[in-house]
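J.: Here is what each chain is made of, one letter per residue.
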Amino acid sequence: MHRKRRDFLTLVSVMAAAGLLPAGLARAEAWNKAAFGAKNMDDLLKVLGAGAPQLSTDVVLVAPEIAENGAVVPIEIESKLVDTQSIAILIEKNPNILTAIFEIPSGTLPWLQTRVKMAETCNVYVLVKASGKFFYAAKEIKVTLGGCGG
Amino acid sequence: MGSPMRIRTKLQGDVAQVRVLMSHPMETGLRKDADGKLVPAHFIELATFTYKGRTVLSTQWGPAVSRNPYLSFKFSGAAKGEKILISWVDNEGDSRTDEAIIE
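Chains as they are written, first to last, in my numbering: chain H, 546 to 695; chain E, 295 to 397.
It should be emphasised that the hints constitute simulated quantities derived from the structure, not laboratory data. Quick caveat: nothing in here was measured; it's all calculated off a predicted structure. Hints are not guaranteed to be accurate.
[As the list claims (entries may be wrong)] Anything over 10 Å on all C-beta distances counts as not near chain E; from chain H, calculated: (1) Asn585; (2) Ala595; (3) Gln599; (4) Pro609; (5) Glu610; (6) Glu613; (7) Val617; (8) Asn639; (9) Glu648; (10) Leu657; (11) Arg660; (12) Met663; (13) Thr666; (14) Ser676; (15) Gly677.
[Claimed, not checked] DSS-like cross-link-like pairs, simulated, lysine-lysine; straight-line CA separation at most 27 Å: (16) H:Lys684 - H:Lys591; (17) H:Lys578 - H:Lys591; (18) H:Lys625 - H:Lys591; (19) E:Lys304 - H:Lys584; (20) H:Lys638 - H:Lys584; (21) H:Lys638 - H:Lys687; (22) H:Lys625 - E:Lys326; (23) E:Lys304 - E:Lys368; (24) H:Lys638 - H:Lys684; (25) H:Lys684 - E:Lys346; (26) E:Lys346 - E:Lys326; (27) E:Lys368 - E:Lys346; (28) E:Lys331 - H:Lys625; (29) H:Lys684 - H:Lys584; (30) E:Lys377 - H:Lys638; (31) E:Lys331 - H:Lys638; (32) E:Lys374 - E:Lys346; (33) E:Lys377 - E:Lys331; (34) E:Lys374 - E:Lys326; (35) H:Lys684 - H:Lys625; (36) H:Lys578 - H:Lys638; (37) H:Lys578 - H:Lys678; (38) H:Lys687 - E:Lys326; (39) H:Lys591 - H:Lys678; (40) H:Lys638 - H:Lys591.
Yeah, the Cβ is synthetic: ideal placement off N, Cα and C, and Gly gets one too.
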């Protein structure tokens, strides 16, 4: 498995050098392993450089009060903050708190819908980086059937 | 790997709404199969969305994104007939790129 990944990364860099990759893959962005491995909120916020994020009503999280199926919880997020740079989804009681990070380039609206897994009833946080500072909103979502594993 | 992504677009003025349904098991590594064995973690780590050579969205995912990931987002400066490219790379080094025409 590791050899396959090494071979792939070598292939990617060779292809990138030859100009053969679609723009998206050529950049070979790093996956933030430390952030995705964080097991508690303090560690995660530290790794993300998020310090003490401010609660903000300009960060809007739309999600059901009760998720029938913890494996597929629909989430809609909007940031009304000027210069929104990134949006992250944090699920407090999941085995690993960080679920996803979305980098929002200029010209892209700070709005998205996606579906996530929740292990159990807990708070879902949306952490937004805007103008270099961090803001958040939270909502408790009740889960009737947990969605992370067995 | 997997089947093609299903991509739908809707243009309002110059803002394109993109809806994509990807095909991927997004295994957390915590699930046990019918024989009681742990199914290894297998999930998309990076997904990148480009339009006319510019990145319109770039994402890092963990295994808590639902199986067969669904995502909808909007970007401006879009025009009918142009292409959006969606690429992903997973934790096993597999990757896939699909494209759609903005309509």
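J.: Against the structure, test the hints numbered earlier, and report the numbers of the ones violated in rising order.
T.: Structure breaks hints 7, 8, 9, 10, 11, 12, 19, 22, 25, 26, 28, 30, 33 and 34.
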